[in-house]
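Residue numbers (my numbering), protein chains in the order written: chain S, 1 to 80; chain V, 81 to 345.
Be careful, since some hints might not be right.
[What the hints assert, rightly or not] Here are a few chain S residues that face chain V, going by a calculated C-beta distance under 7 Å: (1) G50; (2) V51; (3) S56; (4) H58; (5) L64; (6) P75; (7) K76; (8) V77; (9) G78; (10) G80.
[Said to hold, decoys possible] Restraint ranges, calculated between C-beta atoms of paired labels, are given here: (11) V:G300 with S:T70: 29 to 35 Å; (12) S:G41 with V:E341: 20 to 26 Å; (13) S:G41 with V:L345: 21 to 27 Å; (14) V:I324 with S:R19: 37 to 43 Å; (15) S:E61 with V:E341: 21 to 27 Å; (16) V:D197 with S:T70: 29 to 35 Å.
No lab work stands behind these hints: they were computed from the structure.
Glycine residues also receive a C-beta, built at the ideal position from the N, C-alpha and C atoms.
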Amino acid sequence: MSEMIQVTVKLFAQYRDNRFKVKEIGYKDGTTAQDIIEDLGIHNDKLPLGVLMINSKHQEETTLMRDGDTISLFPKVGGG
Amino acid sequence: MRSAIEVFLQKKSKDNYITLQKELECIKTFGITLRELEEQALLLGITPLRYKRNQITIDSQKQLQLLRSHVAIIGCGGLGGHIAEILARVGVGKLSLFDYDIFEEHNLNRQNFSNIDSLGKQKVLVVAEEIKKINPAIEVIAQQIKFSPQNDYNLISEANAIVDALDNPETKLELSFVCKNYKKPFIHGAIAGMNGQFCTSTTLENFYKDGSSGAETIIGNPAFSVTFAASIQSAEVIKTLLGIGETLTKQFLSTNLLDNEFIKL
Numbered sequence: 001m002s003e004m005i006q007v008t009v010k011l012f013a014q015y016r017d018n019r020f021k022v023k024e025i026g027y028k029d030g031t032t033a034q035d036i037i038e039d040l041g042i043h044n045d046k047l048p049l050g051v052l053m054i055n056s057k058h059q060e061e062t063t064l065m066r067d068g069d070t071i072s073l074f075p076k077v078g079g080g
Numbered sequence: 081m082r083s084a085i086e087v088f089l090q091k092k093s094k095d096n097y098i099t100l101q102k103e104l105e106c107i108k109t110f111g112i113t114l115r116e117l118e119e120q121a122l123l124l125g126i127t128p129l130r131y132k133r134n135q136i137t138i139d140s141q142k143q144l145q146l147l148r149s150h151v152a153i154i155g156c157g158g159l160g161g162h163i164a165e166i167l168a169r170v171g172v173g174k175l176s177l178f179d180y181d182i183f184e185e186h187n188l189n190r191q192n193f194s195n196i197d198s199l200g201k202q203k204v205l206v207v208a209e210e211i212k213k214i215n216p217a218i219e220v221i222a223q224q225i226k227f228s229p230q231n232d233y234n235l236i237s238e239a240n241a242i243v244d245a246l247d248n249p250e251t252k253l254e255l256s257f258v259c260k261n262y263k264k265p266f267i268h269g270a271i272a273g274m275n276g277q278f279c280t281s282t283t284l285e286n287f288y289k290d291g292s293s294g295a296e297t298i299i300g301n302p303a304f305s306v307t308f309a310a311s312i313q314s315a316e317v318i319k320t321l322l323g324i325g326e327t328l329t330k331q332f333l334s335t336n337l338l339d340n341e342f343i344k345l
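Please build the complete structure, drawing on both the sequences and the hints.
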C-alpha cells in the first residue's frame with residue numbers, strides 16, 4: 001500500500017465556487033499537481049487554469065507533490 | 081538675465097502656482113506651446129494650478145519629470161481608457177494610444193468615454209480627444225491599429241513605459257517578451273469578474289501557458305474591477321517613471337474584490 005501525503009490546497013476566485021477556500025487533503029504518494037487539478041474537477045474548458053504555485057513558487061502541472069506542500073490555483077485572468 | 085517668459089511666469093504666478101488663464105495669456109503673448117510653457121514654469125519651481133492637489137505626493141520636480149515622460153498604452157478599452165485619463169490628469173507629457181476597435185453597446189458598463197454619443201466611434205480617437213480636453217498641455221498620439229508587438233515595436237520604442245491594457249492573453253504574452261527583449265518597463269494588468277492580476281517588467285509565461293482566453297469571457301468585467309485595476313497599473317507607471325516606492329517587479333499581485341483579498345507573491 002502506497003504512503004499518503006498531506007497537501008494544503010488553496011483555491012482562488014471562481015475555483016472556490018462549490019468547493020472551498022483552503023483545505024488539507026491526503027493524496028497518494030506520487031500525486032502530481034495535475035492529478036490534484038483533475039481530482040478537484042477543474043476543467044480547462046470552463047475556467048482555464050492561470051497561475052499554479054507550489055509553496056508560493058510558479059510550477060508546472062507535472063510537478064510531483066510532496067508531503068507538507070501547499071498548492072495554490074488561480075483561474076486564468078486575461079481581460080483588459 | 082531672466083527671459084521675458086520667466087519674468088512673466090514669476091509676475092503672474094501666485095504662491096508658485098500659475099492658473100490656466102495666465103498660461104493661455106502667456107502662450108498667446110510669446111507664441112509657444114502650453115507644454116513648452118509648463119516645462120519652463122516647472123523649471124522655475126512654478127507649478128500649473130491643475131497639479132496643486134498632486135502636491136506634495138508629486139512635487140514640482142517630479143511633475144517636470146512626468147511632463148518629460150512618454151507612456152504607450154496598448155488598448156483603449158476597459159483598462160486603457162481609464163489609465164489614459166489618469167495619466168493625463170497626473171501629468172504624463174506624452175501618451176501614445178493604440179486600439180483598432182469602435183465603442184459598442186456592451187462596452188457601456190465599464191469603458192471610459194463610452195456613452196450614447198460615442199457608440200460606433202473609434203475608441204482611440206474618442207479617448208485621445210477627451211483626454212486632450214482634460215489636459216491640453218500633453219501630447220497625445222492616437223494609432224488606429226491592431227497592435228502587433230513584434231511588428232509595431234518601432235511605434236513604442238521611444239516610450240519610457242509600456243502599459244498592457246490588452247484584452248487577450250496571446251498579445252499580452254507576446255508584448256511581455258518584446259518589452260523584455262528591449263528592456264522596456266512593462267506594466268501588466270488583467271481582470272476577470274472581481275479578480276485582477278498585476279506585475280511589472282515580468283514576462284507572462286507563468287500566467288498564460290497558451291494564448292487562449294481566460295475567465296473574463298465567461299464572467300465579464302464590471303466597472304469597479306476595471307477602474308480598480310486601472311488605478312493599480314497607473315500607480316505602477318508613475319512609480320516606474322519617477323523611480324519611487326516599490327513596484328511589482330518580479331512579483332505577482334492577485335486581487336479579489338469579492339472577498340477583499342490582496343495577495344502579493
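Cross-check of the supplied hints:
no.: 1; hint: G50; in the structure: holds (6 Å)
no.: 2; hint: V51; in the structure: holds (6 Å)
no.: 3; hint: S56; in the structure: holds (5 Å)
no.: 4; hint: H58; in the structure: holds (4 Å)
no.: 5; hint: L64; in the structure: violated (19 Å)
no.: 6; hint: P75; in the structure: holds (4 Å)
no.: 7; hint: K76; in the structure: holds (4 Å)
no.: 8; hint: V77; in the structure: holds (4 Å)
no.: 9; hint: G78; in the structure: holds (3 Å)
no.: 10; hint: G80; in the structure: holds (4 Å)
no.: 11; hint: V:G300 with S:T70: 29 to 35 Å; in the structure: holds (30 Å)
no.: 12; hint: S:G41 with V:E341: 20 to 26 Å; in the structure: holds (22 Å)
no.: 13; hint: S:G41 with V:L345: 21 to 27 Å; in the structure: holds (25 Å)
no.: 14; hint: V:I324 with S:R19: 37 to 43 Å; in the structure: holds (41 Å)
no.: 15; hint: S:E61 with V:E341: 21 to 27 Å; in the structure: holds (24 Å)
no.: 16; hint: V:D197 with S:T70: 29 to 35 Å; in the structure: violated (51 Å)
When the structure is compared with the earlier hints, violations turn up for hints 5, 16 and for no others.
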